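Asker: Make the full structure from the sequences, and use the hints.
Protein chains: 2
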Amino acid sequence: MTKLELWRELAAQLRVDSIRATTEAGSGHPTSSMSAADLMAVLLADHLRYDFANPKHPANDHLVFSKGHASPLLYALFKAAGAITDAELLTLRKFGSRLEGHPTPVLPWVEVATGSLGQGLAVGLGIALAGKYLDKLSYRVWVLSGDSEMAEGSVWEAVQHAAHYKLGNLICIVDVNRLGQRGETMLGWNTRAYAQQAQAFGWRTLEIDGHNLDEIDRAYAQAEGSSEAPGDSVATRRAYGDALRALGAARPDVVALDGEVSNSTYAEDFARVYPDRYFEMYIAEQQMVAAAVGLQVRGYTPFASTFAAFLTRAYDFIRMAAVSRANIKLVGSHAGVSIGWDGPSQMGLEDIAMMRAVGGSTVLYPCDANQTAQLVVQMADRPGVVFLRTTREKTPVLYAPEQRFPIGGSVVLRRSERDAATIVAAGITLHEALRAQQQLAGEGIAARVIDAYSIKPIDAATLRQAARETGRLVTVEDHWPEGGLGEAVLAALATGEPVPPVRLLGVKAMPGSGTPEELLDAAGISARHIAHAVRELVGAPSPTGAGKH
Amino acid sequence: MTKLELWRELAAQLRVDSIRATTEAGSGHPTSSMSAADLMAVLLADHLRYDFANPKHPANDHLVFSKGHASPLLYALFKAAGAITDAELLTLRKFGSRLEGHPTPVLPWVEVATGSLGQGLAVGLGIALAGKYLDKLSYRVWVLSGDSEMAEGSVWEAVQHAAHYKLGNLICIVDVNRLGQRGETMLGWNTRAYAQQAQAFGWRTLEIDGHNLDEIDRAYAQAEGSSEAPGDSVATRRAYGDALRALGAARPDVVALDGEVSNSTYAEDFARVYPDRYFEMYIAEQQMVAAAVGLQVRGYTPFASTFAAFLTRAYDFIRMAAVSRANIKLVGSHAGVSIGWDGPSQMGLEDIAMMRAVGGSTVLYPCDANQTAQLVVQMADRPGVVFLRTTREKTPVLYAPEQRFPIGGSVVLRRSERDAATIVAAGITLHEALRAQQQLAGEGIAARVIDAYSIKPIDAATLRQAARETGRLVTVEDHWPEGGLGEAVLAALATGEPVPPVRLLGVKAMPGSGTPEELLDAAGISARHIAHAVRELVGAPSPTGAGKH
Chain S
6 MTKLELWREL AAQLRVDSIR ATTEAGSGHP TSSMSAADLM AVLLADHLRY DFANPKHPAN
66 DHLVFSKGHA SPLLYALFKA AGAITDAELL TLRKFGSRLE GHPTPVLPWV EVATGSLGQG
126 LAVGLGIALA GKYLDKLSYR VWVLSGDSEM AEGSVWEAVQ HAAHYKLGNL ICIVDVNRLG
186 QRGETMLGWN TRAYAQQAQA FGWRTLEIDG HNLDEIDRAY AQAEGSSEAP GDSVATRRAY
246 GDALRALGAA RPDVVALDGE VSNSTYAEDF ARVYPDRYFE MYIAEQQMVA AAVGLQVRGY
306 TPFASTFAAF LTRAYDFIRM AAVSRANIKL VGSHAGVSIG WDGPSQMGLE DIAMMRAVGG
366 STVLYPCDAN QTAQLVVQMA DRPGVVFLRT TREKTPVLYA PEQRFPIGGS VVLRRSERDA
426 ATIVAAGITL HEALRAQQQL AGEGIAARVI DAYSIKPIDA ATLRQAARET GRLVTVEDHW
486 PEGGLGEAVL AALATGEPVP PVRLLGVKAM PGSGTPEELL DAAGISARHI AHAVRELVGA
546 PSPTGAGKH
Chain Z
6 MTKLELWREL AAQLRVDSIR ATTEAGSGHP TSSMSAADLM AVLLADHLRY DFANPKHPAN
66 DHLVFSKGHA SPLLYALFKA AGAITDAELL TLRKFGSRLE GHPTPVLPWV EVATGSLGQG
126 LAVGLGIALA GKYLDKLSYR VWVLSGDSEM AEGSVWEAVQ HAAHYKLGNL ICIVDVNRLG
186 QRGETMLGWN TRAYAQQAQA FGWRTLEIDG HNLDEIDRAY AQAEGSSEAP GDSVATRRAY
246 GDALRALGAA RPDVVALDGE VSNSTYAEDF ARVYPDRYFE MYIAEQQMVA AAVGLQVRGY
306 TPFASTFAAF LTRAYDFIRM AAVSRANIKL VGSHAGVSIG WDGPSQMGLE DIAMMRAVGG
366 STVLYPCDAN QTAQLVVQMA DRPGVVFLRT TREKTPVLYA PEQRFPIGGS VVLRRSERDA
426 ATIVAAGITL HEALRAQQQL AGEGIAARVI DAYSIKPIDA ATLRQAARET GRLVTVEDHW
486 PEGGLGEAVL AALATGEPVP PVRLLGVKAM PGSGTPEELL DAAGISARHI AHAVRELVGA
546 PSPTGAGKH
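Sequence order for the protein chains is S and Z.
Every position in the first sequence, counted from 1, becomes a number in this note's numbering once 5 is added.
Every position in the second sequence, counted from 1, becomes a number in this note's numbering once 5 is added.
Simulated from the structure, these hints should not be mistaken for laboratory data.
As the structure is a computational prediction, the values presented were derived from the model and not from experiment.
Among the hints, a few may not be true.
Simulated crosslink set (DSS-like; lysine-lysine; CA at most 30 Å straight-line) [what the hints assert, rightly or not]:
#  : chain 1 : residue 1 : chain 2 : residue 2
1  : Z       : LYS399    : Z       : LYS513
2  : S       : LYS513    : Z       : LYS61
3  : Z       : LYS8      : S       : LYS513
4  : S       : LYS61     : S       : LYS99
5  : S       : LYS61     : S       : LYS84
6  : S       : LYS99     : Z       : LYS513
7  : Z       : LYS399    : S       : LYS99
8  : S       : LYS8      : S       : LYS61
9  : S       : LYS61     : Z       : LYS399
10 : Z       : LYS99     : S       : LYS399
11 : S       : LYS99     : S       : LYS8
Answerer: Following this line, the structure appears as structure tokens:
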């Protein structure tokens, strides 16, 4: 059998299997599979260097189906490679099957989840970064993209970064089938337009008939040629926090990324010492998170940082990282109104809610330097999406360097036998809580103070004990009340037992500019507001000059 | 004084005022203001058609400072135009001042908030859509962009859409000062590269020395010429839901946008009847939300729809819409595990948390067709960011067409004197709750059922009454438990009063594919799990064949 005959037979089988699987499932996207069957047949037969018996082999090429809707084709490829049986192929989309509607890493040959369009090239870029700059291995990253998803800005973030980092090992196959879900794409059959756009960003492009098997073969061979191009060195970049730098010394797997604010997030401390393990992602937060997902595919431990507010830009990528079962560390600085003068566009006020509502995530919010250092070390080994919220303003150091802060724990900072209420806080509001506690103590009101540095998982046992023993709680956070620390505390208490009176303090109106002190007070989360809430709960009068305003 | 002398003096004054304001504030971004001072001087003096005394005048040009960090320059412009005094200029970044660190619409001459980079051109595109296709007025939209923000994918979404919609009235001024916050940009001084990239998407570009006042003047004159280009008609698109179509008949201000899934969201029902008021935004969710913000600047009432999961893609834009005090309606379909076969990448499981944590937002989640219709009508007049969560699966019609569902209300669907517990649900889980109630009634356990279709604001009074009268609550939602309906209920109950035992049911592990029924059951939110939770709370035994699994 000639190569051409083999490709033709394989492509036919892939088509048949895609149709059989979706017919059996009664739903799915067979057309998206049809248009790429020839492209994938030639790839599998003669270009993909991949050991299906050993999917973790470091020298393996990587194949990312960015058009995850073509999962029937991907699963048909797996069958053709002998990785799954025909019987399993026909379990597509059935409850309990590994062959989900869109590919996820429950299958050993799938490294990242796709199905939210426009993410595959961005994640593939992360794998290619690892291959060229960290692993220094010659594997290629093949990304199958749809034409519809070229409308996503994240694709163009990836296109820019691939050129900037000269990633000849990243090969994007755009399957122009002209059709989205609803109708024709913006550019229709105009493959020239896609090619010119990519060229304008510095890409080498090849336009071919995606059903001409010889043309496909030649194009792949040319694309592979590009991957041998000599790489130039990554520019030396600024740095990150002390903790990450220390961790970098102990752990060669730790890498850092930042979205053009490394001098604000202190990612520059890391970058200065380990320039070869730092990637500047410029102002492209989607690409930054996607690259982190790609880097962890190759076993690296990526810490990606920007302002907490701007992680909202990458929320779809963070959500999909959880579907990918990816282990990534995100650091959001400049949380809350306490950043002061810059105004609300720069304030992270929804990041706790956003990050808590990610499957399997961890949410940490330290209040001092030593606690931060401890938590950063633990983040490295914590699976899933792990988020650390940091504060712009300087805060007093409360803890000794040797103190331990287990994830899922908390610290009871103030307690007595007579505690009439508990104040739960974290980060900057913890310092306000301590001031309120002192003020109240002067009025004869004893209050417990809990540092809930681990917001998810939260220390339910300590909170429940405090609820039982003190009978009243006030929570206070520099964040919208919805989905934040206060609701996390309520959810921990509401497990079938009665919950005592709780007052939730948070930011309730759109803030403006001002000093941190002015803004914390205007938001109702400063010490005097906390003290006032405790007084109201315990039925104590306001002292002269204090109280509600 | 010649024109040139006037421009030079004005530019010098803008520089001086930018420095004076930031010096007085003690913080801010004077350099970002310096680099664009000449560009803005010529614009203000000879090109911007704008009546500062009448900022709402329909014929006014629009100026969007996408590089919101250059706010000192913007405020200096306002002073030069006589809109603010020198004394007010020096209140920059002070508490209570309208001159916040980054511009927001607390100033009458600022239409949208900026400061999160990469959003200005996308929002400007929405204003330009309104100008060309709806208002049919000849105003121009001037967007001042920084070079750093060209790395944001959202900029390239806007570049694509501007070409697709042939928006000659949209003029983007890219101020290439080579510097980001941390260091040099990817492209440095390479203005040719930016120009070529934009050209590849079909833009006309002009490269000039941004400090040569004559060159600036000529470039603006040429750019204005483009805005007279004849527009071709927008292609007729598919439609939206019945309700939106009906609303469209009554309200000419209602417009619809969709992210290439209008046949899934049923935006196509609207598009078919009102093709001139429908904008296909392809798979570019950031651009879709940004365009909605731009359209409302001109008084339109935009409804933008896609899968709820993919609204996460635009979270930064939604957050900034709130800072902009924008009135936009977002519709997220395919919520929760109940979509079935497509798998977790397509499931909205974090959208309630995300949308609740938006300042001043409204979150609605109807359970049947008539309720949806009623809520869509109310959305049109509701200020702020208003979100409607819809379900893929067909659900039984529970309500009569004439029934009213006020925002902030709820419906008590089942109640008796003997109720031993309350089940709070919304959307698809409401139907599961009703089945559980029936099952429990057969066992002699009376349960109240509340339809909490308005999740924010939530009907606290009805919930508190139910808590008092029944003593126990079970909440159930097709969403991660964090930040969702359950926590909203807890927050409503925890206002200083004790809270009775509450059990929160939600999706707690990453789902896969399957039938809606299988997935609802596997997630622990089906009728039998609800019934089991109620039995446990009231201390009743499990009947044979039911109960915990």
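Asker: Determine for every hint whether it applies to the structure shown.
Answerer: Hints, one by one, checked against the model:
Our distance criterion of 30 Å between C-alpha atoms is met by LYS399 (chain Z) and LYS513 (chain Z), whose separation comes to about 24 Å. Our distance criterion of 30 Å between C-alpha atoms is met by LYS513 (chain S) and LYS61 (chain Z), whose separation comes to about 29 Å. At roughly 49 Å between alpha-carbon atoms, LYS8 (chain Z) and LYS513 (chain S) are farther apart than 30 Å, so this suggested pair is violated. For the proposed pair LYS61 (chain S) and LYS99 (chain S), the alpha carbon gap of about 27 Å is at most 30 Å, so the pair holds.
Restraint check: the Cα-Cα separation between LYS61 (chain S) and LYS84 (chain S) comes to about 19 Å, which is no more than 30 Å; the hinted pair holds. At roughly 20 Å between alpha-carbon atoms, LYS99 (chain S) and LYS513 (chain Z) fall within 30 Å of each other, so this suggested pair holds. As the CA atoms of LYS399 (chain Z) and LYS99 (chain S) are separated by approximately 20 Å, the hinted pair is consistent with the 30 Å bound. Of the supplied pair hints, the one linking LYS8 (chain S) and LYS61 (chain S) holds, its CA atoms being roughly 29 Å apart against a limit of 30 Å.
A C-alpha spacing of about 43 Å is found between LYS61 (chain S) and LYS399 (chain Z), which places the hinted pair above 30 Å, so the restraint is violated. For a cut-off of 30 Å, the pair hint linking LYS99 (chain Z) to LYS399 (chain S) stands: about 20 Å separates their Cα positions. Of the pairs offered as hints, the one joining LYS99 (chain S) and LYS8 (chain S) is violated, with about 36 Å between alpha carbons and a cut-off of 30 Å exceeded.
The structure is inconsistent with the numbered hints 3, 9, 11, although it conforms to all the rest.
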